[in-house]
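J.: Heads up: the sequence lines are chains A and B, in that order.
Each residue of the first sequence is one higher than the one before, starting from 1 at the first, in this note's numbering.
Each residue of the second sequence is one higher than the one before, starting from 1001 at the first, in this note's numbering.
No lab work stands behind these hints: they were computed from the structure.
For clarity, every value in this text was computed on a predicted model and none was experimentally measured.
A couple of the hints might just be wrong.
Each computed EDC-like pair below joins lysine to aspartate or glutamate, with the alpha-carbon atoms no more than 20 Å apart [claimed, not checked]:
1) Lys1116/B <-> Glu1030/B
2) Lys1073/B <-> Asp39/A
3) Lys58/A <-> Glu48/A
4) Lys1116/B <-> Asp1104/B
5) Lys1073/B <-> Glu48/A
6) Lys58/A <-> Asp1066/B
7) Lys1073/B <-> Asp1138/B
8) Lys1073/B <-> Asp1083/B
Okay, the calculated beta carbon distance ranges per label pair [unchecked claim]:
9) Gly68/A <-> Asp1104/B: 21 to 31 Å
10) Val20/A <-> Val1149/B: 44 to 54 Å
11) Val109/A <-> Thr1121/B: 33 to 43 Å
12) Leu9/A <-> Leu1085/B: 47 to 57 Å
13) Val45/A <-> Leu1058/B: 19 to 29 Å
Glycine residues also receive a C-beta, built at the ideal position from the N, C-alpha and C atoms.
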Amino acid sequence: MPSKPAGTLYRGREGMWSWVAHRITGVGIFFFLLVHVLDTALVRVSPEAYNEVIGTYKNPVVGLLEVGLVAAILFHAFNGIRLILVDFWAKGPRYQRQMMIGVGVIWVVLFVPFVIRHLTHVFGG
Amino acid sequence: MSEIAAPRSSSRARSLKGGGRNRSGQTNFELYSWLFMRLSGLALVILVLGHLFVNLMLGGGITALDFGFVAGKWANPLWQVWDLLMLWLAMLHGTNGLRTIINDYAEKDQTRFWLKALLITAALVIVVLGTLVIFTFDPCLDPNSTLSVCK
Chain A
1 MPSKPAGTLY
11 RGREGMWSWV
21 AHRITGVGIF
31 FFLLVHVLDT
41 ALVRVSPEAY
51 NEVIGTYKNP
61 VVGLLEVGLV
71 AAILFHAFNG
81 IRLILVDFWA
91 KGPRYQRQMM
101 IGVGVIWVVL
111 FVPFVIRHLT
121 HVFGG
Chain B
1001 MSEIAAPRSS
1011 SRARSLKGGG
1021 RNRSGQTNFE
1031 LYSWLFMRLS
1041 GLALVILVLG
1051 HLFVNLMLGG
1061 GITALDFGFV
1071 AGKWANPLWQ
1081 VWDLLMLWLA
1091 MLHGTNGLRT
1101 IINDYAEKDQ
1111 TRFWLKALLI
1121 TAALVIVVLG
1131 TLVIFTFDPC
1141 LDPNSTLSVC
1151 K
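For reference, chain A alone in the conformation it holds in the complex (with noise of 0.2 Å):
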C-alpha cells in the first residue's frame, strides 16, 4: 500500500501553481493534438469526410473550447519561456516572480485580440 507522504514538498505561490498550470495545460493540448492528427487525417479519405467533421470546429460551442484551448497553448508557450529563463538564465530563479508577471501580460495581450476575431468568425460578425 502507497504510505502516506510525511509532509509536503508543495509550497504554493506563483512557483508551484504555475507548475500546477503547465502540467494542466500540457495534458489537455496533448489529448487535443491526439484527436486533431486524426480528424486531420480525413483529408486522405475524402474531401466530404474533411469538411464534415471539420465543421464540428465551427459549432459555437466547440468554437468557445477552441478559446479555452488557445488560452492553454499561449500560457504553456510562455511559462515554458519563463522555465528556460530559469533553468539557463544566471538571474532567472531571482526574477521569476517578475517573469510570471511579464507571462500574464504577454498572455493578456496576445489572448484579447485572439479572442475578438476568433469569436467575431464563430458567431458570424
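Here the structure of chain A is known, so what remains is to put chain B in place on it, guided by the hints.
T.: Here is chain B on its own, set in the frame of chain A:
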C-alpha cells in the same frame, strides 16, 4: 562539470549499472530528455503560434477551414515541412511530458508499465499516421478543385 566527492545515489543503485552508463550508475537519458523539452519547446512556440495565426486569425479564420484550405496549404512545401516538424516535435514533447507525469503519479510498477505502453502505442500510431497523411496527401481528390496543380 565538477565531480561530487560522495556519490548521491546509493550503492544499490550503482550496482544496477549496465552498458552505456556513467560512474554514478545512470544513463544520461533524463538529461537529454530535459534538454529536449526546452529545445523542442522553443521551436514549438514558433511553429504552433504561427499555425494558429495563419489558420485562425488570417482570412476567414475557422470558417474558412475546409479540404480546399488544407490542399492550398500543402501545395506549398514550406507548410508541409512546417506541419511535419510540428507533428514530430509536438508528439515527442507531449509524450515525454506525459511520461514524466506517469512517473510522478503512478506508484505501482505494473500501472506505470501499462500506462507507458499505452502512451507509446498511441504516440506511434499518431506520428506514423500524421506523417503518411502529409506525404501521401492528394490535393486533387476533390474533383471541383481549382488548384493549378489539378488542372
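J.: Now tell me if each hint is right for this structure.
T.: The hints, checked one at a time:
1. Lys1116/B <-> Glu1030/B: holds (16 Å)
2. Lys1073/B <-> Asp39/A: holds (16 Å)
3. Lys58/A <-> Glu48/A: Within the cut-off at roughly 15 Å; holds.
4. Lys1116/B <-> Asp1104/B: Distance of about 12 Å is within 20 Å: holds.
5. Lys1073/B <-> Glu48/A: holds (18 Å)
6. Lys58/A <-> Asp1066/B: It holds: about 11 Å lies between the C-alpha atoms, which stays within 20 Å.
7. Lys1073/B <-> Asp1138/B: holds (12 Å)
8. Lys1073/B <-> Asp1083/B: holds (10 Å)
9. Gly68/A <-> Asp1104/B: 21 to 31 Å: Given about 24 Å between the Cβ atoms, the range holds.
10. Val20/A <-> Val1149/B: 44 to 54 Å: Holds: the Cβ-Cβ distance is about 48 Å, inside 44 to 54 Å.
11. Val109/A <-> Thr1121/B: 33 to 43 Å: holds (40 Å)
12. Leu9/A <-> Leu1085/B: 47 to 57 Å: Violated - the Cβ-Cβ distance for Leu9/A and Leu1085/B, about 36 Å, lies outside 47 to 57 Å.
13. Val45/A <-> Leu1058/B: 19 to 29 Å: holds (26 Å)
Going down the numbered hints, you'll see the structure goes against just number 12.
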